[in-house]
Structure formats: C-alpha cells, structure tokens
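A.B. asks: Residue strings, one per chain:
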Amino acid sequence: MNDINIDELSFQYDGNSIINNINASIKSQDIVSIIGPNGSGKTTLLKLIAGILTPQSGNVLLSGSNIQKIPAKIKSKLITLVPQNPEYPENMRVFDYVMLGRNPYLTAFKWENSADKKMIREIMSDTNTLKFIDRKLNEVSGGEKQRISLALAMAQGTRSLLLDEPLSNLDISNQAVIMQLIVKNHHERLGPTILSIHDLTIAAQYSDRVILLDDGNLVAYGTPNSVLTQQNINKVFNIDVAILTNPNNGNLIISTN
Amino acid sequence: MKYIVGILILLLTIIFATSIGSVPIDFDTILKSIVSKLQLWNFDEPINEITETVIWNIRLPRVILAAIVGASLGLSGATYQGVFRNPLADPYLIGVASGSGLAATIIFVSGLPLIIFNLNLLPIGTFIGGITAVMCAYMISKISQSRSITTIILAGVAIGAFASALSGILILKSDPDVRPLLSWLMGGFISGQWNKVIFLSPYLCFGSIIIYFYARSINILQLSDDHAASLGVNVRYIRFILIMASTLITASAVSFSGIIGFVGLASPHTVRLIWGEDYRKILPMSAIVGSIFLVVSDLISRIIMSPSELPVGVITALFGAPFFIYLLIYSGKKIK
Amino acid sequence: MKQFIYIPLIIIILLGCSTKLAEQAQSDTTALPQLKILNQPQPLQPVQLKLQEIPSVNNESKANGKITQTVYPLVIKDRNGEKITFDVAPQRIIAFDAAAVEILFAIGQGSKVIATHSFVSYPLEVSEITKVGDAFSMDIEAIVSLNPDLVYIFYPTFKEELEKVGLKVLLIETIDDDLTKLSDHFRMWGQITDAIDKSENLASDFENRIQLIKQELSQYSSEPSIFQDVGDFWTPGNNTLINEVFNLLKLDNISKSNDGYYQMSPEVIATMNPQYIITNTPDSYINNPAFKNLSVIKSNSFYIPNNDYFSIFGPRFILGIEELANTVYPAIYKKPR
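Protein chains in written order, with this note's numbering: chain D, 1 to 257; chain L, 258 to 593; chain E, 594 to 930.
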C-alpha cells in the first residue's frame, strides 16, 4: 500500500533540535492534519516527509522505501508538497503555471501533448479556476491563487499529497471550498493527504487522524476526538478551550473560553 | 512561426548591414558579389578586388561576428534572468566582465606580444579570466553552504568589484597608452575576421544546446526552490549546468568583442514584454533579438562618425535605452 | 559529482577543436613575403639635390647678438596664464615629464634634475635619479622631502596639492598642435636655468633641420599617402602634432578627415590603400586577409617607428621626423662622395 511510516525521525538545524524522535504510521486512505503552535516544526516535518530535507537520524518510508533513496523524478510522481507561500511568477499564464505540474511526466524531448492539455483543463474546471485560464498570475486574487496552486499539485497526479497551511489567507467560504476540493481529490488518489493547519475546528472536521506537535515533539497522534482534548490543547497551546459538538453534523467545534 | 520571421529579419538585417559602411558600395554590386561568390552566375566584368575584400573580408565577418555575439549575450542574459529569478540579471552579473577585463588589463599592461606561438593571447586570456571569476563566485557560495541563490549573486558582485579594482590599479601603475585597452573594454568588432567567427561559433552552438535542453526546467525554477524540488527538478545541479553554460557563452563572446552592455539585459526583457514567460520561447527569441540588436548597433557605430568608429557598447546603451523605455511604457499601457 | 568533471573536459576539447579550425582558416591566406623594416620605397621623383650639411650644434651661439644670460627676476607664464617668478636659476628641479628631463640634460642642466617619474628612461643617467611616482600619481611626501625649488608638471591634477605645501610649480601642458612651439619650449628652459647658449643651440638646430626639410621638399608636388596605426587602428587625425609632422613632410594623412585620435575603419584603410603605414605591428596587417590587397604589403613599406622619438616632445623628436623623412624621401640625406 501507499502508507507512510515515520521512524524515529530527528532533525537539527544550526545545533537546534527542530524535530525530536517522531514515530508515526500514516495509512494510505487517511487525511491527516498536523497541528501545533507556531514554531512547533510543522513545516519542517512536512518537508522531511516529502524528502526535501534530510534528517540527521531516523527515516521516512514511502510504501516501505526510504524516501531519501528514491530518485527525484520518480519521487515527484509519488509525493509532492505544496509550500506555504508559493511563488507566483507575475507574468506567467495561469494555464502554463498549472501545466508545470506535469513536469514529472515530461522530458527535454517530450513536451506536453493534447492529453496533458485536456487534463489541465479538467483539473482547472474541478478547482473552479477555468475562467482564469488565460490570465496572468498577477491578475488573480489571493484566494484564487490558492486554488490555482492546488490545481498545480493535482496536475502532478502524485499518490500522496502534502500541503503546508493551505488555508491561511483565505476567508471562511474559500476555506470550505479548498477543504472540499482537497477531500475530493484525496479520494481520487491512492495515498494519504497530510496538511498542516491552524484552525482546530477545521482539522477536527475533515481529518481522519491528527498529529499534535509541540516544540518538535509528537504529543499525540490519533483520531480528532482522542487528540483534541481540553487537556492536550491547554498543555500545548497554553489556552483554555471549550469543545462542543455541531448539532447539525456531529463535528467538533473548538472555541476559546 | 515567429522563429522563422525572426530569423528572416535577422538575415535581412545582416545583408543590409553588409551593404552599408564607411566605403560606399552600390547595392547591386553587393548582389553581384554574392551571386558570383555562390557561383550562380559568371559575370563578364569581374568586381573590383578591393571591393570584394571589403565585402567578404572586412564587413561580412564583422557583421556575422556581431550577430553571434548578440545571440550569445541575449541567450545568456535570458538564462541568467531565469536561473537567478531576477529581471535585473545580465550576463555579467556574477563576474564575467570584471574577470575578462582584469585579464585584458594584465595582458595589455604586461606588454606581452599579443600573438604567441600563433595563438591569439587576448581571447584566450580574457576567456580564462571570465570563467575564473565566475568559478570563484561559485566556490564562495558553495563554501558558505548557503542554499540561497542570492549568495552567488553577491559573491559575483564582490569578485567583480575586486577584479575591477585590481584592473584600475594596474592601469594607473602602467605606462600611459591605455587606448587599446580602453577600446577593448568598451567593446567593438573593428577587428572582426573569419577566424574569430569560426573560433566562436562552437561555443555558442554547444552552450545553446545545453541551455535549451533544460529550457522547460527554467520555467519550473521560477517557483521557489522547494517547490521546484517537489516537482522533480534537481535544483542545484540544473542551476550549476545552466550557469556554467551561460558563462561559457558569455566569456567566449566577451573574449572576442570586449564588454558590450545592455544587450544581455534588454533583449530578454523585450522578448518577455511581447511573448510572455515561457522560457522555451524566451530563450531562442532572446538570441535572435540580441543578434539583430547588435548587428544594427555595430552598423550605427561604423557610420555615425565615419570613418571613425565608436565603441559598440556606447551605441547599444545610447540607442537601446530609449527604445527599451518606449517598450516599457507601451506594454504598461497595453495591460490597462 | 561526475558531471563536474565532464564540463571542463568538454571545454578543453572545444578549445582544441576551434583552435584547429581557426588555424586552418588562417593558413588559407596567401603566404606573404618576409617583412623588411625601413625598406627603401620607390622615390617619387628622381631629383638632383643641392647637398647641404646638417648644421652641427656647437658654433652658432653668439652669432645673432642676442642676450645670452638670463636676467632675473624672470617671469614665465604657464598654460593657464598664471605668472611664475624665478629670482634665481632653480638648482633642484623635479621634472615630472620625460621631455623636460631630456631637454634639461640636452642643455647641460641634467645635474639640476633631482627627481622624475618612473617611466622616464632617457638619457641613461636617469637611472640614477630618484623616482617619485609613476605617470599618473605623485608621491607628494617624497617630493617635499627632496626640497625642490621647482616642480614641473604637464597636467594639472596635482598642482593645487603641490602649491599648498609651499612648492613652486610650473605647469605647461603637452604641446600637441604646433611644431614651432617645441623650439620655443627649449628656449624657455634655457631662460629658466640660465643656459641660454645651449638652449639656443638646441632650438636653432631644431629649426634649421626643419627648415632643411621644408626646402628639400619644396620641389615635390605630389603627396604620398600615409596612415599611422598607434594600436588597434587608433590613428592621429587632424589637429594632432603627428599630423603637423605629416603636413611638414608633405604626406597625405588618410585620417585627416576627422579631428584628434580615433579608431579608423579598416574598410577605409583597405580602400584608400596608403603608400606608407606606420605601425608597431606590421604582422597584424600581413596576416589579416582584410588587407591582402594593400600595396604596402607587396612593397614592404611598413615603417616601424621608434616609439620614444614620436611620443616624447623633446630633443629627440627631430630624429623621428628625420627618420620618417628619410624613409619617404631618402634623397634628402644622401651625402656626396
């Protein structure tokens, strides 16, 4: 299967320990949220899982293979990370931007063909970005850009998808739209979806599992109900919260007191 | 396709530039000369030998040399702009000009004969100087272990400043006829000959093949390094290859033509303003535009104060800048 | 990484290939005869000359009854019009100029020169003299510590600084337009250093030798064409001292259409086909297919100038003029048996 196994993973930078001996087993069908205070290591953990950073000890196994050993071109068909604040080259056409996602399948002699172009159009239609297809990136808004970068990741067609804070800078309606797209796309892929997120309620609503980080340490890993407890949240975020249940759909609502 | 149009315009410009010069030659004489050289027709009256020499041994080689250098500068400027994600990048960004300039200064000041063992010392020396400066900048950024591309830019700027300072000292300390050195530094094709064209062409061919091989990857390099890595691009390796290839092209061009500014900066920008951000288009069009630009600039430098010749670098800036400004204003209005 | 080795390897192979190709292109130019320097070109008109001896330097001093001793205080105007007063003949001169040094030695005042710049090398005695800077920079401290009573410079950059430290500065900018000013310049030094006899000899000698040339050339009406390449096609055009020399020698400078020094288009050189080319690097013409039709190559009439003669506007300048005159008009200096 396309499970991701994190084995005694540790990472230091400049003498500081950023990630400290993390163990977790992520199932291929799961949507996993990584939550934690600012600076707890969420981005670093995602980069380690994506194989962009090399750990000092421990490893990340993708379907049983050490991700550090997988060649770049192959890796880019298996897993990808949408960064927190992607670069949007001002004068690039939206269509061309999303098409960049097809890179793993192209070579110097094989450029994008009509099948690729059709696929991009479909993805853009799914993400409701088709109307920007000929616009330049500096002609679309922040929320639209975030949908576009999701489209780019979808065009890459990887088995696993990692996203670093895909919802920051979005209004409440756009947040819902993006989350729904992520969920829908998740079901079309073979591997897990892992995203870091600030909003605990959204994490609770959409995730199968939650990873709670504090200062590089894994505090809890499990279902939203088991991880998002008043005690855990108080311990990690130093704040008092009330945990309620949405009567309409049974989702957890976490609110500060 | 625009490439065909571009190449046609380039060819026409070359023919046009060959037909104009300090010595007036009728256009039909030029045509006659081309036709008889290609042995398409034998004329009863042979063309004056001196006129033939002017056309085939003086004008044409220098015009073609200008075209090659223009293509080299346009292409490497576009590549640098892509690799460094910086629209202000030009081919001399990380030290090629200063390194070549220092080498040229050393050669002129040392009083060494310019031709040793039948080898032309100046092109070899300036080529080595240019490459060395860039390699130093690259080494510095490697040693610093910084992952940011700004480091190599800053290292290049520092090396460049250092090399220029050394040149300055050497010039001050040497015997005062610096005219040949200065005119080399300002750039020109006055000694354009066929052997230079032959010597330079392989570098441009080889370099441009390598660069174009990675053209698609340059598009992806416009994203952040991590993002590009996620998409399967080996950022450090490709960046190294592209910088080396562009530096090769630039250093070889500079070693024959001196330091000509503005072409490497403005050509890619002009192309981008008209044709957008895809490097698969920007790269070849920058080469063509750079070519045309430099052939025309060389033409102007030859006739504006005839029979005196002005340094080409002066002309590229003088005439290129207003045209470029016009383009900026025009494209700004178009967006609105 | 292995790929880092491939790139330098490919560069070396490329360099090798292109050198080969370039060599082949080079060898396509027709093999040309060996260059002979200062070869006698065809005389323009065979003429019977009146033979005159070149006047010798020693005996004309008191002939014209002019003043032969300097009257101090002496006021000299420099190029800016400023007046410099000399109460006595200066005994410790720093002459920051090769021509001035040569003049001073030529008028017997060489011992008064206590320092100069490092690019002065004539006459041989100069190697013993202190150097206080190179062409473009002056070591002010060293200059001051030598306690000169006159500092001569030919460009204004350091004038203020020198005057500020209390030195007497004479600034006369390089003569670059009029040949006759050169002999007056000799006379000036004679006045300043109370060596009027010798300077008058030097000046008169110069003027006489110029006069001889003018006389001998008065019978020539045609003007051979000439081109001087001082490097990279830089050439002296109109309003340069060299052009004045060409005018004196009735030589038609093909560069005269523009003023000052400039780079000449190779097309024009090839087309105008000058009868004489003055250059330090005849090879660059011989090996260049652009110039294969030049008659100078076929007749071997390149003239390699003595660089000092033509660039130092001092006592040896006349030698340069005469050497060039001898090349073009060898009949002037033939002596009878």
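To be clear, the hints were calculated from the coordinates, so they are not data collected in a lab. Please note that a few of the clues may not be correct.
[Unchecked claim] Every beta carbon over 12 Å from chain D, so not counted as near; a handful from chain L, in silico:
#, residue
1, I261
2, L265
3, T308
4, T310
5, M396
6, Y469
7, I477
8, L478
9, D483
10, Y494
[Unchecked claim] Per label pair, the in silico range of CB-to-CB distance:
#, chain 1, residue 1, chain 2, residue 2, range
11, E, L667, L, R436, 31 to 41 Å
12, D, Q12, L, F470, 36 to 46 Å
13, D, A72, L, S458, 27 to 37 Å
14, L, I426, E, E721, 24 to 34 Å
15, E, K849, L, R436, 40 to 50 Å
16, L, S458, D, H198, 32 to 42 Å
17, L, L530, D, H198, 32 to 42 Å
18, D, A72, E, F729, 31 to 41 Å
19, D, G39, L, I400, 23 to 33 Å
Cβ atoms here follow ideal geometry from the backbone N, Cα and C, with glycine treated the same way.
A.B. asks: The structure should be examined with respect to each hint, and the outcome stated for every one.
C.D. replies: Hint check:
| no. | hint | in the structure |
| --- | --- | --- |
| 1 | I261 | 19 Å, holds |
| 2 | L265 | 25 Å, holds |
| 3 | T308 | 47 Å, holds |
| 4 | T310 | 44 Å, holds |
| 5 | M396 | 23 Å, holds |
| 6 | Y469 | 8 Å, violated |
| 7 | I477 | 6 Å, violated |
| 8 | L478 | 10 Å, violated |
| 9 | D483 | 5 Å, violated |
| 10 | Y494 | 9 Å, violated |
| 11 | L667/E / R436/L: 31 to 41 Å | 38 Å, holds |
| 12 | Q12/D / F470/L: 36 to 46 Å | 38 Å, holds |
| 13 | A72/D / S458/L: 27 to 37 Å | 34 Å, holds |
| 14 | I426/L / E721/E: 24 to 34 Å | 28 Å, holds |
| 15 | K849/E / R436/L: 40 to 50 Å | 19 Å, violated |
| 16 | S458/L / H198/D: 32 to 42 Å | 58 Å, violated |
| 17 | L530/L / H198/D: 32 to 42 Å | 40 Å, holds |
| 18 | A72/D / F729/E: 31 to 41 Å | 56 Å, violated |
| 19 | G39/D / I400/L: 23 to 33 Å | 30 Å, holds |
Hints 6, 7, 8, 9, 10, 15, 16, 18, counting from the list given before, are not met by this structure.
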